[in-house]
Amino acid sequence: MQDKPVALKVLDIVSIILLGVSTYLALVFAPTELVMGDVQRVFYFHIGTAWTALLGFILAAVFSIIFLIFSRDLKWDRYQVAAIEVSLVFFFITIVLGSIWARPAWNTWWTWDPRLTTAAITELIYIAYFMLRQGIDDPDRRARFGAVYALVGGISAPITFFAIRLFRTIHPVVIGGSNAEAEGGFAMTADMRVAFFFALFTFTVIFIDLYWNRIRLGDLQEKVEQLKLKVTL
Amino acid sequence: MFLQPTPDTSGYMIAGYAIAFLTMALYVASLSMRSRNLNQDLTTLDEMDKSAPEKPGVAKTVTKKDG
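Heads up: the protein sequence lines correspond to chains W and H, in order.
For the first sequence, our numbering gives the first residue as 45, with consecutive numbering after it.
For the second sequence, our numbering gives the first residue as 38, with consecutive numbering after it.
Rather than coming from a laboratory, the hints here were simulated on the basis of the structure.
Bear in mind the structure is a predicted one, so any value in this text is a computation, not a measurement.
Among the hints, a few may not be true.
Stretch by stretch, here's where chain H covers chain W in the computed footprint (C-beta under 8 Å, at least three residues) [as the list claims (entries may be wrong)]:
(1) 141-147
(2) 246-259
(3) 262-274
Glycine included, each C-beta is placed from N, C-alpha and C at the ideal position.
Just chain W, with the same shape it has in the complex:
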């Protein structure tokens, strides 16, 4: 395999540094929220991972459109798979952090609130995406089915995002609005905002880094598949 490009090596290191700084800002720099205590600090990583995950799912839907309408090049399929895989990992972290926060804030690990339900459905949709792909051997057919599935699945991302703004829910709306029924909401101080926006930036960079690494893995996989065919022929 070709060596990692210097830019990617730099991005790997920058991602680790940013993660360290972001953790410091979330755990030390940001003040303790008076009503919930330290558990509120999971909010920074909760939103950071959620933002990048939903962005990744939408990105995958865009690659699906490109593949289905403009170009049948299998590279778009690899880009799509990479985006979904990284997003799936990030969204898993989002859900787990949300559940951990909910235990002291709502007195339960889980409730079938519209936001939590749509988030769980989104995660399951994309787990099923990989199961679907596993069941199809022909690469072109797999890419076509995957693209259609990712396109339809992509609708779940904006639904999850807007669930707390459209439906009656106990999930707080911290950014850009408020929710009368919300339990566990809080107003961000200036220091909290610094930690929050830095976490958003950090997870965006980490996403790009992991995404680039995952695309390279997909390219390598493709190369191995091609060589396997050549050797067996």
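On the provided structure of chain W, position chain H as indicated by the hints.
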């Protein structure tokens, strides 16, 4: 005067961050392992490809394709 003390929820916070870091570490390890395995496969297949005798049918097709 009637303010309630801030609850100690640091255990939840630690658990949350531990799971977040562990998940990211596992994913990076998974990427690294898959990459290493594929590189090994690539090396083996490369060797097989080089050591295999040239098949006339395949060579013919390639020549024809190349023009």
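*Could you tell me which of the hints above the structure violates, numbers in ascending order?*
No hint contradicted; all consistent.
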